Amino acid sequence: MSGIKELLRHYDGFDFDAFFNNLTLKDVDRVLAKDRLVPEDYLTLLSPVAVGRLEEMAQRAQADTIKHFGRTIQLFAPIYVSNYCINTCVYCGFNHDNEFARRHLSLDEVDKEARVISQMGLKHILLLTGEHPTKSTVHYMGDCVRVLKRYFSCISVEVYALTEAEYRQLIEAGVDGMTMYQEVYQKDLYRPLHPSGPKKDYLFRLDAPERACQAGMRTVTLGALLGLAPWRQESFFTGLHAAYLQSRYPAADIQVAPPRLRPCHGGFQAISPVSDADLVQYILAYRIFMPHSGITVSTRERSELRDQLIRLGVTRMSAGVSTAVGGYSDKKEEGQFELADERGVEEIRMMLKNNGYQPVFQDWHYL
Amino acid sequence: MNINHWEIGGKKLRSRLIIGTGKYADQSILPQVMQAAQADVVTVAVRRIGTSGLQENIMEYIPKNAVLMPNTSGARNAEEAVRIARLARAAGCGDWIKVEVIGDARYLLPDNQETIKATQILAAEGFRVFPYMNPDLYSARALVAAGATAVMPLGAPIGSNRGLQTREMIRILLSELPTIPIIVDAGIGRPSEAAEAMEMGAAAVMVNTAIASAGDPVKMAEAFAYAVAAGRLAYLSGLGKQQDAAVASSPLTGFLGRD
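Top to bottom, those sequences are chains B and G.
Sequential numbering from 41 applies to the first sequence in the working numbering.
Sequential numbering from -13 applies to the second sequence in the working numbering.
Chain B with its partners taken away, still in its complex shape:
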């Protein structure tokens, strides 16, 4: 397998700075005049010089989004069921070496959380766990999914990298989507951030979305955790990964998310900070490169920014979120990261309507 590894290898030693330095606004205009973009065009839109055409990019991104998705935003919430983790990702609040009271929900507790979330009106749910050989087994996830099916019409997972057979098991249990953040695409930068635990296997993680596609996963969401490595390269590799999977697995719905690092337990600071303007440039460039692909923005972003992003290519948003295990029933629990948008589902719903967008609570019903 690993077609994506081969694809990324083309860019080993690629001089991004030289590429960017050779570009002029004329190159950006030429790309914006094209119907369909190739990867180099996408990289052109991610370049520093393209900042001079941000408004033009925004106009096109908005038009493309309305054409393919209409004025709609699909809403979902995450449910964290276990924060035991054997990995030591240096930027993550659930890092094995961080000391705090860990929690693992029983199926009754999952049911209780699910009820609270579904009472908020949501029908799409994203199940999250840390990585742990006895606490968060695939069997346990399957059991959680069977509980969640009582309340939700569409269930996705954001869990550690699994094998194709394990993805099949989850699909059989009722899972429709998976999210896999590679965190960092640049291999040499990945290693020091993931010093121990199974997650240090860069390649096994890199290939996980493709294994999910092979298992028949309906929706696959990719992303780099922005703030860990230079964002232009990371955004480029994320886009390449998405384009690769989309052309190889045309029936799958390949999406991306651009999560930015948030303050969390452990106090890790961003290595390569990403500004609001950077984030917007990434979203616009990706939308123009992949006009049919969904883009998710989570409550990692502040409300004022999220309210603006809905016009620029975003198609999915989380709402009413807790990133703590058991956090919907018990507000005191420790979350994976600090939220920047703490509005409830009803407030988000009204914000969307007031901005001329339809909040979509149900976009799929498991079969």
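Derived from the structure by calculation, the hints contain no laboratory data.
Hints are not guaranteed to be accurate.
Under the rule of at most 27 Å between Cα atoms (straight-line distance), these lysine-lysine pairs were calculated in the DSS-like manner [said to hold, decoys possible]:
| # | chain 1 | residue 1 | chain 2 | residue 2 |
| --- | --- | --- | --- | --- |
| 1 | B | Lys107 | G | Lys9 |
| 2 | B | Lys152 | B | Lys175 |
| 3 | G | Lys205 | G | Lys(-2) |
| 4 | B | Lys393 | G | Lys50 |
Computed footprint of chain B on chain G, listed as stretches where at least three residues anywhere in the stretch have a Cβ under 8 Å from a Cβ of chain B [as the list claims (entries may be wrong)]:
| # | region |
| --- | --- |
| 5 | -9 to 3 |
| 6 | 9 to 16 |
| 7 | 65 to 76 |
In this text the structure is predicted, and so the values were computed from the model without any measurement.
Every residue, glycine too, gets a C-beta built ideally from N, C-alpha and C.
Got chain B; can you put chain G on it based on the hints?
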């Protein structure tokens, strides 16, 4: 006889414009759109029919006398389409089903082979099947043989607003399958393109994106209603043959002195 009246799938209809419901910023505008379009058939994605939580129930915005054409959007193969169709019937959405089987997330092109399989199964179960298809004569014949009530060839990829890019193929379907209603679906971006499809002899057209994403969806719906009626009237009137240049009345046979 009113030019817009026709019968299909056991229903008497007064309009040849079918309206979609996706992509609206605010679904509460649908009754006005339906009225302006004078449409009596409306298609709804079964996957979006939510009955609990905060999901606005789209069914509340669909006039009671409208004919519902639930669609299997989201299905990637025949099996999923069949399951979605059964869900729709179980939910009380009636016997009409628009079969959409799409295994390509980039161009959203329908998979004719899977569509034929689903049509066969569903028609045998008593559904009135309206398959969305890539206009290919062999597939269209197979759909008719499978029991389709109509066939719905695309004019251009969904949401592309590119018009009748498949014009010649649709023309062939119209000429070779005169007994099955042909409803042009997808790609129609402007009223003139809807008129063109009707002039060619399509039984009806289906429009979503062009109306939903218009600055004023209600006025655009009205514009489409006029265009569809105009196109139909032109078809019934017998269009003059197109010529590339001005032509003398009898350049080859004038010598016979019969003028």
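Results for each hint:
no., hint, in the structure
1, Lys107(B) - Lys9(G), "8 Å, holds"
2, Lys152(B) - Lys175(B), "19 Å, holds"
3, Lys205(G) - Lys(-2)(G), "26 Å, holds"
4, Lys393(B) - Lys50(G), "25 Å, holds"
5, -9 to 3, "violated (count 0)"
6, 9 to 16, "holds (count 5)"
7, 65 to 76, "holds (count 4)"
The structure fails to meet hint 5 from the earlier list, while all remaining hints are met.
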